[in-house]
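*Asks:* Take a look at the letters that make up each chain.
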Amino acid sequence: MKKLNIVVLAKQVPDTRNVGKDAMTAEGTVNRAALAAIFNPEDLNALEMALALKSQIPGTTVHVLTMGPERAEEILRDSIFRGADGGTLLSGREFAGADTLATSYALTCALKKLNPDLVVAGRQAIDGDTAQVGPQVAGKMDLPQVTYAEEVVEIKESTLVIKRRLERGVETVECPVPAVITVNGTAPDCRPKNARRVMRYKNMPLTVWGAADVDPDMDQLGLNGSPTKVKKIENVVFRAKECKRMTGTDTEIEGMMKELIASHTIG
Amino acid sequence: MNSVFVYIELEGRTPAEVSLELLTKGRELATTLGVKLEAVVLGHGLDGIEKELQHYGADVVWVADDKELAPFRTLPHTSILCGLIEQEQPQIALFGATSIGRDFAPRVSAALKSGLTADCTELVIGDHADAKGNEYKNLLYQIRPAFGGNIIATIVNPERRPQMATVREGVMKREHAKGHGPAEVKAIDYKKWLRGEDLVVKIIDRHIEAREVDLKAAPVIVAGGYGVGSRDNFKLLYELAEMLGGEVGASRAAVDAGFTEHCRQIGQTGVTVRPHLYIACGISGQIQHTAGMDGSSMVISIDKDPDAPIHKIADYAIVGDMNEVLPKMVKYYKQNSK
Ligand SMILES: Cc1cc2nc3c(=O)[nH]c(=O)nc-3n(C[C@H](O)[C@H](O)[C@H](O)COP(=O)(O)OP(=O)(O)OC[C@H]3O[C@@H](n4cnc5c(N)ncnc54)[C@H](O)[C@@H]3O)c2cc1C
Ligand SMILES: Cc1cc2nc3c(=O)[nH]c(=O)nc-3n(C[C@H](O)[C@H](O)[C@H](O)COP(=O)(O)OP(=O)(O)OC[C@H]3O[C@@H](n4cnc5c(N)ncnc54)[C@H](O)[C@@H]3O)c2cc1C
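If you read the protein sequences in the order shown, they are chains B and S.
Take 118 as the starting number for the first sequence in the working numbering and just add one per residue.
Take 1230 as the starting number for the second sequence in the working numbering and just add one per residue.
Just so you know, the hints here were simulated from the structure itself, not pulled from any lab data.
Quick reminder that beta carbons are idealized off the backbone N, C-alpha and C, glycines included.
Treat each hint with caution, since some may be false.
To be verified - Calculated cross-link-like contacts (lysine-lysine; reagent style DSS-like; alpha-carbon spacing at most 30 Å):
(1) K361/B / K1464/S
(2) K375/B / K1407/S
(3) K1431/S / K273/B
(4) K1541/S / K349/B
(5) K375/B / K1464/S
(6) K361/B / K375/B
(7) K1563/S / K375/B
(8) K120/B / K1431/S
(9) K1533/S / K375/B
(10) K361/B / K1541/S
(11) K1296/S / K280/B
(12) K1431/S / K1296/S
(13) K346/B / K229/B
(14) K1445/S / K119/B
Claimed, not checked - Short, incomplete list of chain B residues facing chain S, as computed with Cβ under 10 Å:
(15) V250
(16) R281
(17) G286
(18) H381
Stated by the list, open to error - Chain S residues, not near chain B, derived (Cβ > 10 Å throughout):
(19) V1292
(20) E1315
(21) E1317
(22) L1423
Can you build the whole structure from these sequences, using the hints too?
*Replies:* Right under this line is the structure:
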């Protein structure tokens, strides 16, 4: 295969997996400010898949694109320390409030400027949790998509053979490039930061694009461009319900089993 | 009137469990709205497929039968479904939040520029007024957890149609529609929508494992966590589950520790279940676990730690050692059941 211009889509997310005791408020709701901003886990798997292709196909470059606030630059720099060639931040109030459709539209506008041969995204972001952006970008770019990729098994002249991890099995497909791939968390972990690259690139300038830089149709951006609207948000509160507390004595357990049988909960 | 569409996912030639659950929910929505429920089946060898679908309340079954359409591939299915949606203009379209649905539905939504809500746990019809004072009647409220299960959002799609949503397997109930007549079968004139370039991705190999354990259908689940301690101790759970006509489930920590198989994992990254009775043994009750079981009708928690969060969602909270409590449950069940 001839050299590829790969663009990795990556998102900075609050670490929703570590909603520990300190991240809960006294009312039992989430204290978002206490959550660290991290590199979306499956986007690191995506970056690794791209970097692995770079090392196998001479001349291939890996560029990382993220849309988010200014501090999302952190994950671009992190990517460069791990081996990416460059990064672009897409940022501005016009993009704010986007649902997945408006997010994928904005990313597609930027991708058209970057003109990739291959787009590699994570399967899912851990905050929005939708896994919709990858397939929607593929749709808007009118490219074939391979979701839940775990491994590139073979690189052919003009196609990639890719193993996909499904709910209850695996599927191997052959897909021509250009294409969009979304990478599953079961794919190999990303290589660590390289100390020499950290020294060399810690001050490397990154590209920052605003809406005007990507020629969008403003009606399709941000909140206005989002067909879905959040009507209501409730924080999940640990509610106390009617509860029988016991220590597991014989009398208690016998009483409980009798109640369950009497109420036909068990037969 | 604009109908409710349900995309029927196939496992071989059988409709997937989740699709039947969606038909049940779709029937309820269509009846509330006073419109038809229409199932869409794209695949191969589909003769008679409507029989099962009409039991779940489908009024119309749309069928495209072609060898290129099975097994599922994103591009041909997208072209055909988008064509059909543009022709029929349904107001709602529902998909399973499965490997297929989560690949396919976003692609369809991108092509139609309509909104899509992921992993809904509830779907109801309601009215909506926005900040600008616009009022909308009979929208689909799409209720879903996000932010790692820490918030619940109600999402609406006021302007664009169809209102699209995905739902995970096991979240909705599956029920035959009583007294429902035969469905009308309509052939989709799909060739006009299928493009040559839709066939560029080739499936080389496929291994789908048969479903062995059916946690979703189990009325009772005895689930074990890291606190069970070993693969050997899990035998106590199997014994109780078998006696109660249930299945054994597990937390991720128990699966990661190798105490039991991955297919038994319950929670955000496992299966979602809603049994009549859920018995949690040595499971602390982290949100990623409870997200998959908090729809259970009744919960018994057995955990040594009096402060374990699982006790807060239990109907019977037993602070104790599961190695002592489970044998007592077996004993007193045997003594008291007929
Ligand atoms: C409570 C809540 C519920 C929501 N529910 C919905 C909903 O049901 N439907 C809907 O359309 N929107 C929804 N949204 C909005 C959605 O979270 C945002 O649009 C978000 O920007 C993208 O969705 P995601 O986080 O789910 O990403 P996913 O689709 O899960 O992301 C998949 C991959 O796409 C790439 N990607 C995603 N975002 C970016 C980015 N900003 N920059 C670069 N790459 C990116 C990454 O590679 C990522 O791994 C919701 C938001 C909230 C707060
Ligand atoms: C993105 C993400 C997704 C996840 N998805 C899931 C998921 O789908 N499902 C899931 O379960 N987890 C999931 N997790 C993991 C979850 O956060 C917890 O780590 C996990 O549920 C903990 O399992 P546990 O309760 O078995 O273990 P622990 O938290 O270690 O709890 C063990 C409990 O056993 C008790 N115990 C010990 N010995 C005994 C005894 N002899 N008798 C009685 N009690 C005893 C202890 O007091 C303790 O409370 C996910 C995590 C992340 C980050």
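*Asks:* All hints, please: hold or fail.
*Replies:* For each hint, the structure was consulted:
1. K361/B / K1464/S: holds (27 Å)
2. K375/B / K1407/S: violated (35 Å)
3. K1431/S / K273/B: Measuring from Cα to Cα gives roughly 14 Å; hence the hint holds.
4. K1541/S / K349/B: Distance ~25 Å between K1541/S and K349/B Cα, so the pair holds.
5. K375/B / K1464/S: holds (24 Å)
6. K361/B / K375/B: Holds, because 14 Å separates the two Cα atoms, which is no more than 30 Å.
7. K1563/S / K375/B: holds (11 Å)
8. K120/B / K1431/S: Holds. K120/B to K1431/S sits at ~23 Å (cutoff 30 Å).
9. K1533/S / K375/B: Given pair K1533/S, K375/B holds - Cα atoms ~23 Å apart, limit 30 Å.
10. K361/B / K1541/S: Satisfied, since the Cα-Cα distance of roughly 10 Å is no more than 30 Å.
11. K1296/S / K280/B: holds (23 Å)
12. K1431/S / K1296/S: holds (13 Å)
13. K346/B / K229/B: At roughly 27 Å apart (the allowed maximum being 30 Å), K229/B and K346/B satisfy the hint.
14. K1445/S / K119/B: violated (48 Å)
15. V250: With a minimum Cβ separation of about 8 Å from chain S (threshold 10 Å), the hint on V250/B holds.
16. R281: holds (8 Å)
17. G286: Holds. Min distance 4 Å.
18. H381: holds (9 Å)
19. V1292: Given a closest Cβ separation of 24 Å, the condition holds.
20. E1315: The assertion about E1315/S holds, with a minimum of 15 Å to chain B.
21. E1317: Check passes; 19 Å lies beyond 10 Å.
22. L1423: holds (15 Å)
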